[in-house]
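Let the sequences and hints guide you as you build the complete structure.
There are 2 protein chains.
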Amino acid sequence: MRDFSQGVEHLSINTATVKEQLALPAIIDACARRGIRAIDPWRDQVQAAGLQATARQLKDAGIGLSGYCRGGFFTASDAAGRRAALDDNRAAIDEAKTLSAPCLVLVVGALPGALQGSPTSKDISLARAHVYDGIAATLDYARGVGMPLAIEPLHPMQAADRACINTLEQALDMCDALDAGRTGMLGVALDVYHVWWDPKLASQIARAGADRLLAFHVCDWLIPTRDLLNDRGMMGDGIIDLKRLRGWVEAAGYTGFAEVEIFSNRWWSLPADETLDTCVARYQSTV
Amino acid sequence: MRDFSQGVEHLSINTATVKEQLALPAIIDACARRGIRAIDPWRDQVQAAGLQATARQLKDAGIGLSGYCRGGFFTASDAAGRRAALDDNRAAIDEAKTLSAPCLVLVVGALPGALQGSPTSKDISLARAHVYDGIAATLDYARGVGMPLAIEPLHPMQAADRACINTLEQALDMCDALDAGRTGMLGVALDVYHVWWDPKLASQIARAGADRLLAFHVCDWLIPTRDLLNDRGMMGDGIIDLKRLRGWVEAAGYTGFAEVEIFSNRWWSLPADETLDTCVARYQSTV
Chain X
1 MRDFSQGVEH LSINTATVKE QLALPAIIDA CARRGIRAID PWRDQVQAAG
51 LQATARQLKD AGIGLSGYCR GGFFTASDAA GRRAALDDNR AAIDEAKTLS
101 APCLVLVVGA LPGALQGSPT SKDISLARAH VYDGIAATLD YARGVGMPLA
151 IEPLHPMQAA DRACINTLEQ ALDMCDALDA GRTGMLGVAL DVYHVWWDPK
201 LASQIARAGA DRLLAFHVCD WLIPTRDLLN DRGMMGDGII DLKRLRGWVE
251 AAGYTGFAEV EIFSNRWWSL PADETLDTCV ARYQSTV
Chain D
1 MRDFSQGVEH LSINTATVKE QLALPAIIDA CARRGIRAID PWRDQVQAAG
51 LQATARQLKD AGIGLSGYCR GGFFTASDAA GRRAALDDNR AAIDEAKTLS
101 APCLVLVVGA LPGALQGSPT SKDISLARAH VYDGIAATLD YARGVGMPLA
151 IEPLHPMQAA DRACINTLEQ ALDMCDALDA GRTGMLGVAL DVYHVWWDPK
201 LASQIARAGA DRLLAFHVCD WLIPTRDLLN DRGMMGDGII DLKRLRGWVE
251 AAGYTGFAEV EIFSNRWWSL PADETLDTCV ARYQSTV
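In order, the protein sequence lines correspond to chains X and D.
Going letter by letter, the first sequence gives residues 1 to 287 in the numbering used here.
Going letter by letter, the second sequence gives residues 1 to 287 in the numbering used here.
Treat the hints as calculated values from the structure; they're not laboratory data.
Mixed in with the good hints, there may be bad ones.
Heads up, the list lumps identical chains together, so a pair's fine if it works in one copy or across two of them.
With a straight-line Cα cutoff of 20 Å, these simulated SDA-like cross-link-like pairs (lysine to any residue) come out [stated by the list, open to error]:
{"id": "1", "residue 1": "200", "residue 2": "172"}
{"id": "2", "residue 1": "59", "residue 2": "77"}
{"id": "3", "residue 1": "200", "residue 2": "173"}
{"id": "4", "residue 1": "19", "residue 2": "146"}
{"id": "5", "residue 1": "97", "residue 2": "200"}
Encoded structure:
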């Protein structure tokens with residue numbers, strides 16, 4: 001297993017981690033000051049800062065991407081909505097390419113209307129079928145551009161409103177169905193927060209292998225957890241056995257970044273420097 | 001599929017549903033007034049009302065049990081704690097027998113100390129091994145008494161602090177390992193709240209079959225869900241496709257009760273009659 005205790009060579013910061021404190025240009029500056037070599041920015045932040053300006057700033061700072069957040073949300077109440085989602089995913093792929101991202105992370109969507117508080121269907125099987133079709137169509141475009149797609153299985157507590165792919169096994173089944181040749185163009189973004197509980201996690205990580213493990217996100221599961229979305233913990237503050245999990249991922253051949261992604265009302269309420277310094281310290285001590 | 005639209009023949013009330021409004025004797029009376037034929041009481045309620053008094057009241061009211069809540073919590077930081085858990089489970093089995101319960105529901109426990117807010121271990125694999133050993137030992141006793149054990153897989157969002165068995169597949173694997181002969185003494189309590197999201201749910205319900213399906217609990221998943229424990233929805237207020245799910249369970253051979261179990265600050269804040277009347281109405285219209 002790689003030694004993370006010195007430096008920040010394999011650390012990436014998902015920019016959502018300090019999104020409430022800083023705009024993207026300031027996040028990039030703050031990462032550059034710490035010698036951090038990679039970030040994973042969100043589309044709305046990039047749009048606010050400007051795509052070309054962001055690409056230039058990253059190049060000047062010597063910072064690359066560990067992924068681009070995010071595509072997906074393939075489900076909709078009608079065919080027009082699903083077509084619009086495909087258009088939006090193509091745009092996300094083009095942006096990811098401009099920023100030289102290694103992959104586009106997919107939060108695939110779930111019951112139509114649920115995220116807006118008004119689900120129009122209870123049929124999660126149908127949502128999953130629409131997700132399958134959406135990824136298939138998007139993968140065609142992604143192959144042409146050369147932008148790998150990383151399906152992110154989300155925690156089952158987000159199955160209704162955010163993503164109806166909820167286990168690594170399910171994500172890998174979809175990868176095998178759509179990319180049997182393991183071309184490197186379709187894989188998974190593995191976030192410990194979503195998958196730590198899974199009794200099949202070790203075996204499915206081994207199944208995934210380096211071909212499918214396109215991103216590795218870290219944070220922690222707090223006890224108690226007070227909010228289903230925005231109460232993630234800093235690494236070390238919860239109960240996820242992070243080193244064991246990273247060991248499985250590296251044993252499967254993963255050599256990429258450990259990307260810190262923390263949605264947390266608490267860490268958003270602190271000065272960005274404190275949050276980022278803590279990310280660095282815990283990356284070194286705990287991940 | 002059975003017709004639930006008339007009467008309450010297959011309805012059971014888990015007494016936690018109105019635990020904040022009424023003590024157990026009053027819950028039994030309220031159910032009897034509605035013609036409800038079964039309840040699933042909790043140990044603390046039975047203890048408060050008296051075991052023998054409860055058995056008498058149930059007999060006089062013509063009300064049976066659909067299960068007894070609960071055994072389990074097999075994990076602990078040390079061997080003495082785990083031995084104490086086994087003693088407690090034997091006591092629960094004896095109580096269940098006195099009340100003529102068809103099964104004892106097991107919430108198996110998770111990381112030691114986590115429920116008290118101070119987890120002493122991050123090793124969920126070890127917790128699962130201790131659960132396995134605990135169920136094995138308890139099953140020996142249960143066989144002697146003739147009290148079936150129903151493992152309840154809990155939602156993955158409760159994997160850290162309440163139960164480290166989190167999918168039906170995992171529960172059934174354990175049943176097969178401990179009761180390969182499908183003797184009827186070990187099975188599952190299937191609560192839609194915990195399992196609705198599972199992409200393997202239909203196939204695992206079919207695998208379970210009537211031998212393993214010892215209880216069927218209903219409520220609903222709300223959008224948004226504001227609390228990980230006490231924000232369950234009344235049937236019909238959320239996004240679980242209840243009739244489809246009951247269809248799978250009945251196709252697998254289940255002929256028992258549909259037990260309403262709702263942990264909800266909202267439904268606890270209303271008059272018990274209103275909560276119970278709504279349970280009956282939704283059982284008829286939505287389950």
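Against the structure shown, which of the earlier numbered hints fail to hold, in ascending order? 2, 4, 5
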